[in-house]
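If you read the protein sequences in the order shown, they are chains A and B.
Under our numbering, the first residue of the first sequence is numbered 1, with each subsequent residue one higher.
Under our numbering, the first residue of the second sequence is numbered 1, with each subsequent residue one higher.
Derived by calculation from the structure, the hints in this document are not laboratory data.
There's no promise every hint is true.
[Said to hold, decoys possible] Derived pair list, reagent style BS3-like, types lysine-lysine, alpha-carbon separation capped at 30 Å:
#1 K160(B) to K206(A)
#2 K154(B) to K92(B)
#3 K160(B) to K78(A)
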Amino acid sequence: MTELRRQYEIIAVPTPILTEHDEICAVIEKYALPLLGAADVICVAESVLAITQGRAKRCDEFQPGLAARILCRLFPSKGSISSPYSMQALLDVSGLARVSVAVIAGAIAKIFGISGVFYRLAGDEARLIDDVTGTMPPYDKHIVYGPAEPAKAAQEIAQSFSCCGAAVADVNDLKRSEVLGTSRGVDAAQVAAILIDNPFGNGSEKTPICIIKNYHPA
Amino acid sequence: MLFELLVLCLGVFCFAALVLTLYILRQGDAVFAVDLNSRTQARLENASEARLAFSVSLPLTNTGRQEGTILDAYLRIYLAQEQYDGLILRGKVNLATQLRADDYFEANLVAAGAQKELLLRFEAFPRGGRSAQAALAAAPDIAVALILECRGRKALYTKKCCFTLRAQELEAAAQSANLEANG
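Just chain B, same shape as in the assembly (with noise of 0.2 Å):
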């Protein structure tokens, strides 16, 4: 008779466990995709001789079943003296509806099926002498991570999206700068 009766517990306990199981796997979590090859070209947003400001947009989409968070977001430039000295590059991300005048993210909650667009905004400074828009036309190509921080279901994880700005399209923003300079 208490065998039969923990027979029946352990039953009962593992049929729980499997609908459980079965729920959560069901339920999924949120999963973050960033499309890098939507982003957009580089575009100026403003310049003087001592600064050059352009920004790219990435469309963000949270193509799971949950909504999710995602807890912080930054830039990483690889742009090492070595490659190239005329410039100092520097960076920082927001969503697009959310922009700060500091260099802070907000952490943002992004719904099932949801897309948000990053705003990545870069400040470049020249080094050596020269204007601002002739030290990024002359810039190579520079490889930058965006890092973003992300909570679902699951533990935080890191998500490392890696692109190249091209110096094509650094050099086609320094000379709009050039252009609004020149009237």
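Excised from the complex, chain A in its bound form (with noise of 0.2 Å):
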């Protein structure tokens, strides 16, 4: 994985803190696109693009039911899914049936001793959704879906902009690196091993968009 990211320029390109109010196309040419060239991909970071999709919600906009109160007391309090607020964002977008299903179906499949079951049952949400204190200032206090489709808009990405591609990347600093969605063309496991050392950075760095310089696919 190394050996491929080193086999890539990666430029962060810094910007403001985007909020609901951006568009990221908007964000995109205004920032990043003196450095694009046609052979570049552009990464956008997946809870970037989730607060530009207006996809950030307080914890006092939840209405947290008693299958969210009693559900995310089934999770390890260092989880995203171990407060009532958290779990309701979950079973708003998942459904009770199919939440309650991936939490039976994880629990015996835990006694087997496999893990992870859960996760690929409960919908995509129930491992991209951040709890508060996962996302910066101002968004630390908000509970921050996954983005909506997020290979549409890649697509619609990479078709703003005359670059080879475009990538929508859960990346952070424990060397997990995962890309959400891409445009036509892109490889999307070959993308997240080149991200591998989270060029967007997690902390104070506000570079929420990366290039890749000279992709090629593998």
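Two chains, two frames, some hints: make the complex.
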């Protein structure tokens, strides 16, 4: 993975803190376009795309029901869905039936030593929701969903600019890199490997966009 | 047969509910405690004729069995002009390890059993033509509330911790400003 990372130049693009009042293509045009070449891939951090899509909500915007209050107790307190608010956020998008089935299946699978079943069954949001403190201020007091239709968003970004392609990525400093959506012609696994060193940064770097220069599919 | 099956299902459901309830009760929650008795006296940060800054520290402990979050923290200062019109006092709070140049409080996770230090920073602005030191030295006891927005496994709740900045400690802070000014 590191070898692949070294093959590419990556430019981190600084921007101001983006909010629900920003539109991601307009931001790219303003801050990244001068650095963008025809063979490049634009990568956008998933939580920032989600914020520009209006998918960050304060805890007091949720009304946790009895199910959320009980189900959240079944997850370790360090997890993103361990509070009634973040669990209610998951229930709102995935539904009580699906989450309940995922919890039961996950518990049974755990007995047999298989982990991760809940997150596979409960929908993408189960692993994409960021609870409070998961995002930099002023969104540290918000629950941030994953972005809506990341592949469609990537395709729209790629079509808006004369570049090779676009990707929406979820990367952190713990060497976890996942690409949630790409435009046509971009290899998600390859881009995930290229971004493994987290060029976005997770602190106060304020670089939610990065450019992979001279991309060529594996 | 059908009746027995229904009774069996009901029994299994009740047993599962009982196990879950016991699990939740045993699990506990985050419990935040601010030890007002361990508050430090007001200590001078810096001073000028027009402004005097001082701070106090308070320990915050999560005495519960679960990790919790301090979502927000802020101060209310109950100094009414009817009580004393020689001073405007403003304040903000941060974790001592996470001081900020703005008035923002960054949401913070507090592990079960962990203790953190809150640093309450005050700024005194004189009114009526006096220096900041003189205005603070003449200030009365001032009631202050530290307000914490907390979250654990239950719903958000607000915790209000009230204490008094005593006139003597304010005077001492003002005097140390005078000493500093006089070299």
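Q. Which earlier hints turn out false for this structure, listed by number in ascending order?
A. 1
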